[in-house]
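> Residues per chain, in single letters:
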Amino acid sequence: MKRIILTIGLSVAALALLGTLVLQSRPVPVYVHVAHHAAIADLERTAEDFSSLITALNSAWASAQEPSEGARTLAARVAENPMRLSTRLFLVDGGTSQENRVLNRYESYTVIVEQTESLIADLFAAQAVYVKSVAFIRESGVQIIEQMRSSGLDSAATDTFQLVVGTLDYATADASVDESELRGLLVSLGRDLQIDGNMTIEARRLLDSVTVILDNKWIMQSRVNQIAEMTIPDNVYNLIQAAEDLYRSAVTSADQGRALLSIYALLLLATAGFIAFRLKQSYGQLNRANASLEDMNESLEQRVIERTDELAGTLKNLKESQVQLVQAEKMSSLGQLVAGISHEINTPLLYLENNSVLVQERLEIMEHFVKCCIGVFALKPRDYPDSKAFQRNFLEALQELKVSLREDEIETNIEEARDLMRDSIEGLKDLAEMAYNLKDFSRLDRSPVANFDVNAGLERSLMIARNVLKYKANVRTSFGELPEIECRPSQINQIFLNILTNAAQAIEEEGEIVIVTKLHGPDQVSISITDNGCGIPEDNLSQLRDPFFTTKEVGMGTGLGLSIVDEIVRAHGGELVIESEVHKGSSFTILLPIKQPSEMATEKRDVLISKRTEQTQTQELAEAS
Amino acid sequence: MKAQRQDTEKLRLLFVDDEQRVLNSMRIMFRKQFDLYLASNGAEALEIIKEHDIDVIIADHRMPHMTGVEVLTAVRTLSPRTVRILLTGYADLDAVEGSINHSEVFRFLTKPCAPDQLRETIELAATISRETAASVMVMEEIDETTPIGAPSDDIVEKTTPESESESAEPTISLAELEHQKTVSLDQVSVASPETVTPQTGGGRAGDGIAVFSDDDDVLEAVQKAGRGRVPIYHARNIIKVIKILTEHRPGVLVTDISEDKGTIQSMTAQLKKHLPELVTIAISEHRDVLDMVWLINHGQIFRFLRKPLSPGRCAISLQSALQHHRLLLKNPDLLKRHGVEQVEEESSFLVSVLEKLRSAKGPWASS
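In order, the protein sequence lines correspond to chains A and B. Per my numbering, the very first residue in the first sequence carries number -8; after that it's consecutive. Per my numbering, the very first residue in the second sequence carries number 78; after that it's consecutive.
Be a bit skeptical, because a hint or two may be false.
No more than 25 Å apart at the CA atoms, straight line, and that leaves these computed lysine-lysine pairs for DSS-like [said to hold, decoys possible]: (1) A:K420 with A:K430; (2) B:K301 with B:K350; (3) A:K393 with B:K109; (4) B:K407 with B:K384; (5) B:K413 with B:K350; (6) B:K109 with A:K362.
Ranges between beta-carbon positions, derived for each pair [stated by the list, open to error]: (7) B:E200 with A:P376: 26 to 32 Å; (8) A:G512 with B:H363: 33 to 39 Å; (9) A:T468 with B:A211: 52 to 58 Å.
Take a look, some chain A residues computed to stay more than 10 Å from chain B by CB distance [claimed, not checked]: (10) L14; (11) S333; (12) V348; (13) L411; (14) E501.
Please keep in mind that the hints were generated in silico from the structure rather than gathered at the bench. Every residue gets a Cβ at the ideal spot worked out from N, C-alpha and C, and that includes glycine.
Chain B on its own, in the form it takes in the complex (with noise of 0.2 Å):
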């Protein structure tokens, strides 16, 4: 573990680039506000977070021998509380995907960006660093002190033995690391017995689902990776979800965003603003850069799951937006790690529903 700061001390920004240029503009731009780490490739990058404790790192993708989706999402392992930036000149859609599902990153930013916005978010992204840090402890004490393996399903067992082998290793590729912590949330589950029945009592705050989505076969998915245990919420429109978000405080929601791109967008990015413990998952047919960019920055967005979905895969992510919930609830300054951009339409529509849901969140912040 890396040594502890006084918070007097500069805030530690880690830049990751493979061109020299960005970084020498970066130096000059920060060098005042911050304490700077340069690195010109990821495995520099990775040495420098292991031996200092960076509060945000800034990574390009494209880069030689490891991308940046790849260097965040071992920070994420190595440094949990490290908040994640992806800078990149080229947004492909895989890269896209992966820094929601695998990098987890606080914004997704493309080259060019404008000063202002460069600053702003960096800014914004090293205090809510500085701040959440010790409940970023918390966090990294859970899940480092759950016990890995005693697997309880299925899905989990396969992927064990591999979880096990590559722990061991320094570098850690993605889907184990996902895996990793589908077991250590699945231990959390099974050590709540309530969770397990969903029947009593409409269940412990924030442990069901919504399914926000006309399309039958999500709900399906979703309700074999619940296998029951879990309540499941199914809604058609939006009117519906709302009801349903207000009722039942389910901890996750997932949603449709093939349909109604616009309002669906509108409605993720005002739930993370008056709901900010929802966990959100966003499914949908086609993948668009734009569109998924906008639900990071926007929405934060927790998982991006393609149609059809594989239930396996739902099940995973289900099971960590449940255990990502949950630690929300228990440490609410976490929330501040999924600050959102503002958005300037605001349907009054949504906001006045949106008004009365955060009215009624008394039960979510008591628990």
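Only chain A is shown next, with the shape it has when bound in the complex (with noise of 0.2 Å):
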């Protein structure tokens, strides 16, 4: 956040200092060049003006003549230069200071020039005054003394004459005339025609215009004076030097700026370039960890599914190999019903043999004396030549008959036969049992969930075990009334081989083991196997359902029958008791709900039980579809 902040002021700073900077190298525009340089020229021709003016005035002042039109434009021009400077040299912009300056002298030099000005209009107003004098007296003087003289003032004429002659040569450039004379001639004269009171009109202006002559003469002197003193020459050039130096400024201040420009673009561009430099930087580091990181998430993903695909693997070795354990314990609890069970599957067929081959032998024998028979019944007395003969022939044959009946035991070999034949009927009939226990035990043709009579599937598994259990142990079995329950008939008859058998093993002699069902409640029955074997140690009771633990010996037990028991019983919502004490023997009993709570119960069921008997799972699906 800081650095954000920091980040953006320092982006605002360096975008107003360029911002100065670019305002500062802001080339000074070329009308401001050309009014500055004009202002100057002006100035100049104005200081050139003022000189020729004075000249003028100089050398007009006492010549008695208007001011010449030259001196007049000069003096006009002289008195409009400040004007025109106004418009022309406050353009520049080059300093505070610098433009004081110039404002200053500006107004100086206006000062002066207003001043000069005033003079000049005197000096004009003067010289008109003069000049008109001049031209009244060169005009009117002769009349004027003639006129004296035709009233015989001729004292007067003369004076006047004098006077005016006197004035008209005063009037000129180089007068040789001294003013005080003039005056005293003035006043004396004045004096005279006032006393003599010949003073006329014409005398009187006459006077006067000598006066104003004389006066102006001298003001007109002093005003040229004075306007030659006028230091418009000086305060040009002091105003030259600050307009100068003001535009220098200007003109330096945009060369700096632009130098300063310059510079800090170098350094922006520098700036620009070095961050541009580190971006790529960063944007190099940033591809390069964005590539390692995509090599990464590619390594990773191939790592991902390495992984996966290996755990798959084991998963899947762990799932055949457990599906292979199942199989394996099935197999091994199998194996040991296999003994008996070929056994009770050979015994009949060795004598249901044996019986037929000594039925057929004995078939034989009777054939043979049923032949006899029929030979005696043939005998017939038209075949002999007298009935003596016949007679004796017959009882002949009767007595062989009779022989033969004693010597070829045909009553024993009747009821031997009838023996043999009725035990091979019964061997027959243990042999359709066993078959049809069998397959009623594994129940391949029935379907995989229905109800069943727990009593009934007892009685098979103990036929089905009974090679294992007779030379053991005698059973007995106490069956009460129980409603046949909801479940998977072939697990349950795999749990009461598995018990059955786990008893048979436990009993190392001769023992006995007792099966009692019952209701357990209103909605559950309760199978208990109980034996008087050795009993299971307290410290192997808690590990009892754990898969793999066995006591028998190495490869004589997977140590899973327990287990697939348990979770046979608890898939079925069921519950198994197990209790026991050492050299007493052990008591399992299992507890079934009578019904199946839910569909939804009975496929979490199937779920659970398919991951442990898969094999089985595989055969019912292939039945139920």
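Join these two chains into a complex; the hints should help.
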């Protein structure tokens, strides 16, 4: 956050500096140049004009002439100069002090010019009066003199004449007449005339004109001198100096600004370059980081895939080995039964074959006997010469039959054959029952989930396990009246068989197995299988349901039997209770619900069971479909 | 001792089976030819054995309380002359091994068994039993007159007290029966000084042990068991074996049947036919019911030992085998008791070699 604020601040500062520099480095506009140079030229010309004007005035003031047109123009130009400058001189920006200096000087210049202007105006006014007076004198002097003369005022006329001449002379540039002389003359004349009362209007006018001439000549003289003393050139010079300074400073400042701007631009450029470089670097780093990230991502994915594969493989192996183990467990519990079952099948087969052969032998004997009988019956009296011969032969044949009956043990043989056949039929029934039990036990041809008669299932399991049990234990059963329960009969049979085999294995020499079934509460059945075998040590009791827990030698048992039993019972929503006492025996009680809770529970159970007993399930599914 | 009978009497047959129908069937089948005794369990059978001089006993293996092997083993002690046949519907490995090593059965029959085969086997057994009765009496006398005790080696020493205490009991466990026999055998061995020194002129005929095995462990175990008292000949191939058997005439052949099973089986059968006095001990890594049954019925192997051989067990078996060989030499009649079923296919090579052997068998017969 701080960094962001700092960065923004720096950027704004840099931009502000840039703006300032841009403003500063703005080039002086052309019109400013033009105005400046025009102003300078104007000023210089004004200075020249002024000196020309002085000259003109100097030459003009005594000539009793009207100011020349040139002088007037010059004067006007000089007078107008400040006005012109005002529009030209202040276009230049060049620092306040410089501008103030220019302004100050301009103001003093203006003052000087105004003073000069008024002086010139005075001068011109005086000159005009002076010129008029001179002209009056020149035109009317003679007349007046003549008048005087005519009126007899000769002395006055002479004085007047002298005065007029002296005055006219005085009015020329190179006057040789002294002013005081003229004034004396004037005063005396005026007094003369006054006293005489001969003062005419004309004369008065003349005298006044002379006075004006005398006065104005002096005034003019002083004015010209005053004007000449006006420091316009100095002021012009100063103003030029100031303006030049201002202009220079403006130009310089623009230049400096440009230089600064250039430097700043360079700096900025360098900074930008640096930033770009850094940016590029960091982009590079970012790219590299990205690339490596991608690489890592990819390799990660690869690794994840590999790991997943590995894990999947392991899982598969585990599943396979679990299936194999479960299968091995089945095979091992089956294997114990196979011995019994195969003996159970082979024994009837032995005597069935034997009996068949024996019966066949007896049939042959009887066939012989029957043939003999038929031979006896075939004896006809007409075949013999007389009845005696027939009787004798007949009796002989009967005697033979009698002997045969005794010697061939016909009756015994028949009896034996009957016994043999009876045994054989029983044996066949046994075999058929065995086959039925095996089929019904595995229930491969039945619905996987069905109503199941627990007692019948126990009977069947006992039948299957008979060979294992009968050499070991006396089995007593007490079957209560039970409703059929909902379950997977093949699995329930499996657990019955497993517990029964366990019980048989627990019994070392001879023992007893008691099986009790009864209702347990309103909705459960209880099946307890109790043996009086070796029992289970307390230490092992807790581990009994763990997979792979076995007390048998390696290779003798998978240790899965009871864990599968437990799992099947729990999958059915039941409970397996194991009680045992060493040397006294063990009791396995299975509690199973009569109804399975719902379809969902059934499904769940299917899933659970399918994990364990895939083989069975596959078969069942195949049938179900 | 049971009463002696007349030769004219019918031969006595004892059937032991827990299935009454089998007994019925057998009774009807054999009642004319034989004097029949039927027992539905081991205890009954042993009672009958004690009371009657039974020629042949045919026992089922899987029976309550006492297995057929146990019954026959007891019979072997109680009535050595009775020819023992096991007839069972399911042969587990222990049953077959027990029937060889403990019961020393004449035949191992499996249910179902063809009536003809059953009849032939039983008739043969009965004939042999009757014919060799006298010789077995001798054998019994030897056994009974041999003093028990005074053990000469460690193995026996350990087992003697048990043997003594157990010998008083009517039923004797398998292992102890074996030991009892060993003791007497050892006595015999010690009694004849020549046997102790194998170097002396090739020893007495029949005292050597031929070992036919690729496995050095087998040889080592046999050597250990022989403890230098018996010459031991080692062969790694069948020609060498034949050569040894011809030249040195050992009394016992220890043969490894783990490899080249077919040839060795066939050889064993041929040897029994041509050198009936040769006592064979089969050794194998694996137990195979069918192979073992075949070796009983066609080779009359004396013992079946599993690898790895335990020296003690090996020694006991070898001593028993040597003694058995000597008995056979002494009573050629007894050879009949080891008659074997005929093997159809005969390797011409083997036959010629074995024919040669038979012609050279004189020294044994004369000894």
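> If a hint holds in the structure, say so; if it does not, say that too.
Hints versus structure:
For the hint linking K420 of chain A to K430 of chain A, the alpha-carbon distance of about 15 Å falls within 25 Å, and the restraint holds. At most 25 Å may separate the alpha-carbon atoms for a hinted pair to count; K301 of chain B and K350 of chain B exceed this at roughly 30 Å. Between the alpha carbons of K393 of chain A and K109 of chain B the distance comes to roughly 20 Å, so the proposed pair stays at or under 25 Å and holds. Distance check on the hinted pair: K407 of chain B and K384 of chain B sit about 32 Å apart at the alpha-carbon level, beyond 25 Å; violated.
Among the hinted pairs, K413 of chain B with K350 of chain B is consistent with the structure: their alpha-carbon atoms are about 11 Å apart, no more than 25 Å. Our distance criterion of 25 Å between C-alpha atoms is met by K109 of chain B and K362 of chain A, whose separation comes to about 24 Å. As the Cβ distance of E200 of chain B to P376 of chain A is approximately 51 Å, the hint placing it in 26 to 32 Å is violated. With their beta carbons about 54 Å apart, G512 of chain A and H363 of chain B fall outside the hinted range of 33 to 39 Å.
Range check, T468 of chain A to A211 of chain B: Cβ separation about 55 Å, and the 52 to 58 Å hint holds. Every beta carbon of chain B lies more than 10 Å from that of L14 of chain A, the smallest distance being close to 107 Å; the non-interface claim holds. Distance to chain B contradicts S333 of chain A as a non-interface residue, since its nearest Cβ pair spans about 4 Å, not more than 10 Å. With a closest Cβ-Cβ approach of about 4 Å to chain B, V348 of chain A is found to fall inside the 10 Å limit, against its non-interface label.
Residue-level check failed: L411 of chain A sits 6 Å from the nearest beta carbon of chain B, not beyond 10 Å. The non-interface label for E501 of chain A is inconsistent with chain B: the shortest C-beta to C-beta separation is roughly 7 Å, within 10 Å.
Violation of the numbered hints given earlier is confined to hints 2, 4, 7, 8, 11, 12, 13, 14; the remaining hints are satisfied by the structure.
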